[in-house]
Amino acid sequence: MNLSNWTLDAIRSSDFDGITMKWLEERRSEWVGLLGLRLRYFLNGASFVLICDEEREWFEKYFLLNINKANLARPFLPFISLHSLYPRINEINIKDELALLQDMLSISFPNGYMYFYVGKGSSKLSLIAKSSNNSYMWLFDEQAQNSFYLNSQDNFLDIKLLSLFKLFDKSLSEILLGRVSL
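All residue numbers for the sequence shown refer to this note's numbering, where the first residue is 1 and numbers rise by one.
Worth flagging that the hints you see were computed from the coordinates, not collected in a lab.
Please read these numbers as outputs of a predicted model, since none were measured by experiment.
Fair warning: there could be bad hints in the mix.
To be verified - Pair by pair, the computed Cβ-Cβ distance ranges are: (1) M1 x E142: 32 to 38 Å; (2) T20 x M104: 39 to 45 Å; (3) I94 x N155: 16 to 22 Å; (4) A70 x Q153: 33 to 39 Å; (5) K95 x R12: 24 to 30 Å; (6) D103 x E57: 24 to 30 Å; (7) G178 x L8: 17 to 23 Å; (8) E57 x R12: 28 to 34 Å; (9) L98 x D9: 38 to 44 Å; (10) M104 x A73: 14 to 20 Å; (11) L100 x N68: 43 to 49 Å.
What the hints assert, rightly or not - Simulated pairs of lysine-lysine, DSS-like, Cα-Cα distance not exceeding 30 Å: (12) K166 x K130; (13) K170 x K120; (14) K95 x K170; (15) K130 x K61; (16) K61 x K124; (17) K95 x K22; (18) K95 x K69; (19) K69 x K160; (20) K69 x K120; (21) K22 x K120; (22) K124 x K166; (23) K95 x K61.
Quick reminder that beta carbons are idealized off the backbone N, C-alpha and C, glycines included.
Based on the sequences and whatever the hints tell you, model everything.
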């Protein structure tokens, strides 16, 4: 089964602990297009470097605690927090230090890396992800290349983030186990 058809089935099923995903059905082609490109890069050896804005620090912790659970029938996957690699990331001077950061990441991840940013487009941290053509972003209040748009004023934003995580995680598993093709 291809990723697009599988995603439609997953959205329509109750496979996500009762979290409804009906809102995503009309945006499925946008979701699948972005996800498919990034997962191809990932399957070729790239690592994900996760960045969340200050308001989504809780989501970064949730993501990292849940993406590599031991009870999953797949290998542990390379998702790394940029905050853990560079604890002063919130103080970074984008203009002067971005090249140094990218050099460090290139040395650390010789098979490549991509930023996975979750947060507001107006956050200084979003500029790090926007600096790379390989980034994957769940971007709030701004449309940009390589991003999935979300509204920060949405009353259900946190629920949507959790449901997107579940869909992302399940997509990874299905692709790695060969049940879904890109």
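TODO: Give me the numbers of the hints this structure contradicts, sorted from smallest to largest.
DONE: Violated hints (numbers, rising): 3, 5, 10, 11, 14, 17, 18; every other hint is consistent with the structure.
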